[in-house]
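Novice: The lines below spell out each chain.
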Amino acid sequence: MSPAFTSGFRLFLLAAAVAACFSGIGYRLYSLQVVEAGELALLAERARRQVIVQPARRGNIVDANGGVLATTRTLIELGIDPQSVTPADKEKFSELARLTGIPLEEIREAAARRTTRGPSGFADDVRLVRWVKLHDGIDEVSYGKVLDLGLRSVYGNRRYVRFYPGNELAAHLLGFLNREETPVGGIESHLDFYLRGQEGWVESERDGRRRELVQFRNREVRPTDGLHAALTIDHFIQHVVEEELGRIAETFTPQGATVIVSDPVTGAVLAMGNYPTFDLNRFHLEPIAHQRNLAITDVLEPGSTFKIVPAAGALNERLVTPSTVFNCGISSIEVGNRMVRLPRDHRPFGELTVEGIMVKSSNIGVAHLGVMLGSRRLHDYASRFGFGEPTGFPLGGEVRGTLHPVRNWDGLTITRLPMGHAVSATPLQIHQATGAVANGGVLMRPMLVNRVFNDAGETVVSFAPEARRRVISGETARTISGMLRKAAAPGGTAAQAEIRGYEVAGKTGTTQKIVNGRYSNRHHVASFSGFFPASNPRVVMTIIIDEPQTTGSAYGGLVAAPSFKRVAEQLIPYLGIRPSDGSENYFALERDIHDHLRQTGF
Amino acid sequence: MSKKRAGAPRREMLVNPGFIIILCVSVLTLLGISILFSATAHFGSDPYYFLKRQLIWLVIAMAGCAMVCLVNLENSKRYVWIASFILLVGLVLVLIPSVGIYVNGSRRWLPLGPMRLQISEFAKLGMVFALAVYLGANQRHIGTFWRGFVVPGAIIGVTSGLIILQPDYGMAALCGAVGFLMMYLAGTRLIYLAPTFVGAVSLFFLALYHSPVRWRRIMAFLDIEGNRADGSYQLWQAILAFGAGGVHGSGLGAGRQQMNFLPEAHTDFIFAVIGEELGLVFTGLVLVLFFIIFIVGLRHLSRAPNLYQYLLMSGALLLITFQALINMGVVTGCLPTKGMSLPFISYGGSNLVVMFLIVGLYINTAFAWRKPVVRQQERRLREIIA
Numbered sequence: 001m002s003p004a005f006t007s008g009f010r011l012f013l014l015a016a017a018v019a020a021c022f023s024g025i026g027y028r029l030y031s032l033q034v035v036e037a038g039e040l041a042l043l044a045e046r047a048r049r050q051v052i053v054q055p056a057r058r059g060n061i062v063d064a065n066g067g068v069l070a071t072t073r074t075l076i077e078l079g080i081d082p083q084s085v086t087p088a089d090k091e092k093f094s095e096l097a098r099l100t101g102i103p104l105e106e107i108r109e110a111a112a113r114r115t116t117r118g119p120s121g122f123a124d125d126v127r128l129v130r131w132v133k134l135h136d137g138i139d140e141v142s143y144g145k146v147l148d149l150g151l152r153s154v155y156g157n158r159r160y161v162r163f164y165p166g167n168e169l170a171a172h173l174l175g176f177l178n179r180e181e182t183p184v185g186g187i188e189s190h191l192d193f194y195l196r197g198q199e200g201w202v203e204s205e206r207d208g209r210r211r212e213l214v215q216f217r218n219r220e221v222r223p224t225d226g227l228h229a230a231l232t233i234d235h236f237i238q239h240v241v242e243e244e245l246g247r248i249a250e251t252f253t254p255q256g257a258t259v260i261v262s263d264p265v266t267g268a269v270l271a272m273g274n275y276p277t278f279d280l281n282r283f284h285l286e287p288i289a290h291q292r293n294l295a296i297t298d299v300l301e302p303g304s305t306f307k308i309v310p311a312a313g314a315l316n317e318r319l320v321t322p323s324t325v326f327n328c329g330i331s332s333i334e335v336g337n338r339m340v341r342l343p344r345d346h347r348p349f350g351e352l353t354v355e356g357i358m359v360k361s362s363n364i365g366v367a368h369l370g371v372m373l374g375s376r377r378l379h380d381y382a383s384r385f386g387f388g389e390p391t392g393f394p395l396g397g398e399v400r401g402t403l404h405p406v407r408n409w410d411g412l413t414i415t416r417l418p419m420g421h422a423v424s425a426t427p428l429q430i431h432q433a434t435g436a437v438a439n440g441g442v443l444m445r446p447m448l449v450n451r452v453f454n455d456a457g458e459t460v461v462s463f464a465p466e467a468r469r470r471v472i473s474g475e476t477a478r479t480i481s482g483m484l485r486k487a488a489a490p491g492g493t494a495a496q497a498e499i500r501g502y503e504v505a506g507k508t509g510t511t512q513k514i515v516n517g518r519y520s521n522r523h524h525v526a527s528f529s530g531f532f533p534a535s536n537p538r539v540v541m542t543i544i545i546d547e548p549q550t551t552g553s554a555y556g557g558l559v560a561a562p563s564f565k566r567v568a569e570q571l572i573p574y575l576g577i578r579p580s581d582g583s584e585n586y587f588a589l590e591r592d593i594h595d596h597l598r599q600t601g602f
Numbered sequence: 001m002s003k004k005r006a007g008a009p010r011r012e013m014l015v016n017p018g019f020i021i022i023l024c025v026s027v028l029t030l031l032g033i034s035i036l037f038s039a040t041a042h043f044g045s046d047p048y049y050f051l052k053r054q055l056i057w058l059v060i061a062m063a064g065c066a067m068v069c070l071v072n073l074e075n076s077k078r079y080v081w082i083a084s085f086i087l088l089v090g091l092v093l094v095l096i097p098s099v100g101i102y103v104n105g106s107r108r109w110l111p112l113g114p115m116r117l118q119i120s121e122f123a124k125l126g127m128v129f130a131l132a133v134y135l136g137a138n139q140r141h142i143g144t145f146w147r148g149f150v151v152p153g154a155i156i157g158v159t160s161g162l163i164i165l166q167p168d169y170g171m172a173a174l175c176g177a178v179g180f181l182m183m184y185l186a187g188t189r190l191i192y193l194a195p196t197f198v199g200a201v202s203l204f205f206l207a208l209y210h211s212p213v214r215w216r217r218i219m220a221f222l223d224i225e226g227n228r229a230d231g232s233y234q235l236w237q238a239i240l241a242f243g244a245g246g247v248h249g250s251g252l253g254a255g256r257q258q259m260n261f262l263p264e265a266h267t268d269f270i271f272a273v274i275g276e277e278l279g280l281v282f283t284g285l286v287l288v289l290f291f292i293i294f295i296v297g298l299r300h301l302s303r304a305p306n307l308y309q310y311l312l313m314s315g316a317l318l319l320i321t322f323q324a325l326i327n328m329g330v331v332t333g334c335l336p337t338k339g340m341s342l343p344f345i346s347y348g349g350s351n352l353v354v355m356f357l358i359v360g361l362y363i364n365t366a367f368a369w370r371k372p373v374v375r376q377q378e379r380r381l382r383e384i385i386a
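Quick note, the sequences are listed as chains A and B, same order. Counted from 1, the first sequence has number 580 at position 580 by my numbering; the numbering is strictly sequential. Counted from 1, the second sequence has number 345 at position 345 by my numbering; the numbering is strictly sequential.
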């Protein structure tokens, strides 16, 4: 086989080795393309398949009149592909900089960032850069202009951004979407199921650079946008309330403050605000403590605002009439064969009728009523008014407060509970109890959401007012209401809340805070809970101010009641509430309000 | 049996090996052009860019092939040292930063008008030529240390060494292996060759070990699937391409792996594209065609008139065969990743030209080596008649 000048054996050996290599590769091809083909094809398929998620637009949150409280805007994240920058593109960079406000230097630098070191860090492990972000988000109009420039290398990706036009307006009620698009607190979290919508997706294939190969797209599901939620909150009232909270904060620099306004008949919350608050669009800049909705998360001793409970109980049980007289000059009382020391009043009273007890807010007087009712019935009435149980407010985080069962009471409780000590409640619980009186004795569940509706405006889910129970008879409620009316008149503790021509009913509260285990003389909670017009209540309002810093005493009547008056005066023309005495002075106010509306832009 | 062998006239091959080679190479080239178009059509804006360039190179390559066909190999010996010198200068020039074109971490190309010339492609053929001339001339001293081992060893060493400096380890290894086997075939004593082989292999691995990237690549090869996110990404994608193709393939133009999954889909990894689009049928065909070229070439060697031509042809044949084997071995994951073109199929002008020059040699000898045999038969016929 081989010429004489060479070794046939050597050639044969070489040929054999090469033939072995060929058969080795042949076997390898067989095993790859026949034996393992199925498994490998599946892996290749998996690497190519891609599901592109198409985000759904989150629904709006609107107020009772359709005003937008929270909405979703489209922004376009703009970037550049350094690999496809053409000389023509480079000439247009200055134009791009002008349109988008991105510094020209930055664009040039981004366009020049063509490669990056791979993860190994070795000098020859170099990767191509395909995307450098230029701008976090520009709007559709600007993006349209950028596209009109016809740059090959610059393009954007749409993304949705949650936006709250009112900034801190109703911040605690709305909640927000955090950086991970997760709803935090408020309606955003409560109604997330309706608001978030259904993401769509595209099943398609991609190439090695993860770009979609549109020709292989085989399934497309359009996203379903989220539904919208209409709240019972009224934009304007919320604004008035927050303005008042601002004034309270400025005047008293309190630890905290809460104002709740609702419709007594339906339980619909018209406004709920707290100080301190935060800006929903910049939630990350403020202490997380500011995000607490104090109205439902913080408890306080209700103090005198609680006095409607023993009074209503005693009247409802027909143990007393409004004119029953009690001796409020005594210092101790006999309870079950034992003399119990009575609390003191802020000033000594002599004999007072039940009405007088309420108007003057006598601690000794309500202690009499408590003792008359007895522990069991006193506890039951407190419980029926909603103390010690959640109000059923739709947002999460509500606490139930404390109403001790009778077996845990000590000897003093029967005389201290009637004046609102030894019990703790949230501002909303106090508000709801007052609301029950305003609503003819029926305790309502607070209502925050009116309805959930779609883009066409059709109602998808509607929410109805919900009565929780009848607490006292209508007659008793009217009687208490009359007493509270007198409390907010000259001579009563809440005289500062009076509005001429309107029957304001309300109860003040001044609670000493417990500091280091003792009631402090310097740390108070001032409160006022009331409604008007007393004969046909349209609005219930509760104002709680935690530790107001005042030069004088922080009585609820002096600190909280004026706020009630200021807010109420703005609500009268807005809600068109007619004066009870037939006078027409609200028209003058109405003009002011309209001026105000124009100024604030609502 | 021995009687038959001695008495019978030298059996003629049924078909002239030149025709077999032309047929094999034509099929490979046509397949290469088709698959190259499919692999590169989605690159950039002009789908015909790579196809056009490759077709231009093909014309140049075929012209070169035709020229080599007409050369008298014995006369060409005279020019071997001039050619070697030019190539040597080229190999040095390419290392000079301002002259050689730097791509992906190595300096391999010399600018030539609009084209780029990969000088080492020509150098490997030059080395084969020079070795064949030298060993052919020193046929009688082949058993000596100096003429049989040191000088040819130096020719190989200088070529490989300069190529390593670029660096291009794959090409250097190919030159080393082919040159070594030429010495082996020429008859250099095994007592010299065996230690050299061991030494060269250990040196090669030592060099690899000191280049962390390459060492990592070797290590990655040992666990392709585990390293697929990093070191052996290319290889893993190639393996997937073969699997995705199966027996029949996904159809010409229907492959997906070349769409940025498979880096260098048009050059070193084009065999994987064949695997995906045309399946085992065609990968098997490619393998068989290269094997036919090798075997037919080997049988054809037996007609070589002298050691020089014998070595020239065997070296050229080994260049084609080894390049094909290494490429297919790498792409199928049998060998560690090493840049190596698949002859006649991969995109790349220099390699195509060199491969066609070798085809030219083949055709040249296929016709030149027939003549003495024919004369011998005529002589025998005359003897019978007389």
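These aren't lab readings, by the way, just hints derived from the structure by calculation. It cannot be assumed that every hint is accurate.
Non-contacting residues of chain A with respect to chain B, defined by C-beta distances greater than 10 Å in every case (computed) [stated by the list, open to error]:
hint, residue
1, T6
2, R10
3, E36
4, L40
5, L43
6, G79
7, K145
8, E180
9, V184
10, P343
11, R578
These stretches of chain A come out as covered by chain B in the derived footprint (C-beta under 8 Å, 3 or more residues) [to be verified]:
hint, stretch
12, 18-28
13, 541-551
We put the beta carbon where it would ideally sit given N, CA and C, even for glycine.
Novice: Look at each hint and say if it fits the structure.
Specialist: Cross-check of the supplied hints:
For T6 of chain A, the shortest C-beta to C-beta distance to chain B comes to about 6 Å, within the 10 Å cut-off, and the non-interface label is violated. Its closest Cβ contact with chain B, about 6 Å, brings R10 of chain A to no more than 10 Å, contrary to its assignment away from the interface. Not every CB of chain B is more than 10 Å from the CB of E36 of chain A (nearest about 6 Å), against its label as outside the interface. Under the 10 Å C-beta cut-off, the non-interface status given to L40 of chain A relative to chain B is violated; the minimum distance is some 2 Å.
The beta carbon of L43 of chain A sits about 6 Å from the closest Cβ of chain B, which is not more than 10 Å, so the claim that it is off the interface is violated. In this structure G79 of chain A is separated from chain B by more than 10 Å, as the shortest Cβ-Cβ distance comes to about 19 Å. Distance check for K145 of chain A against chain B: the nearest CB is about 26 Å away, which clears 10 Å, and the non-interface claim stands. Non-interface call for E180 of chain A relative to chain B: holds, since the shortest CB-CB distance, roughly 26 Å, exceeds 10 Å.
With a cut of 10 Å on Cβ distances, V184 of chain A stays outside the contact zone with chain B, its closest approach being about 35 Å. Residue placement check: P343 of chain A keeps its beta carbon more than 10 Å from all beta carbons of chain B (closest about 75 Å). The beta carbon of R578 of chain A is kept farther than 10 Å from every beta carbon of chain B, the shortest such distance being approximately 75 Å. Only when three residues or more bring their CB closer than 8 Å to a CB of chain B does the claim for the stretch 18-28 of chain A stand; here the count is 8, and the claim holds.
Counting residues of the stretch 541-551 of chain A whose CB lies closer than 8 Å to any CB of chain B gives 0, which falls below the minimum of 3, so the coverage claim is violated.
Of the numbered hints given earlier, the model fails hints 1, 2, 3, 4, 5, 13; all others are met.
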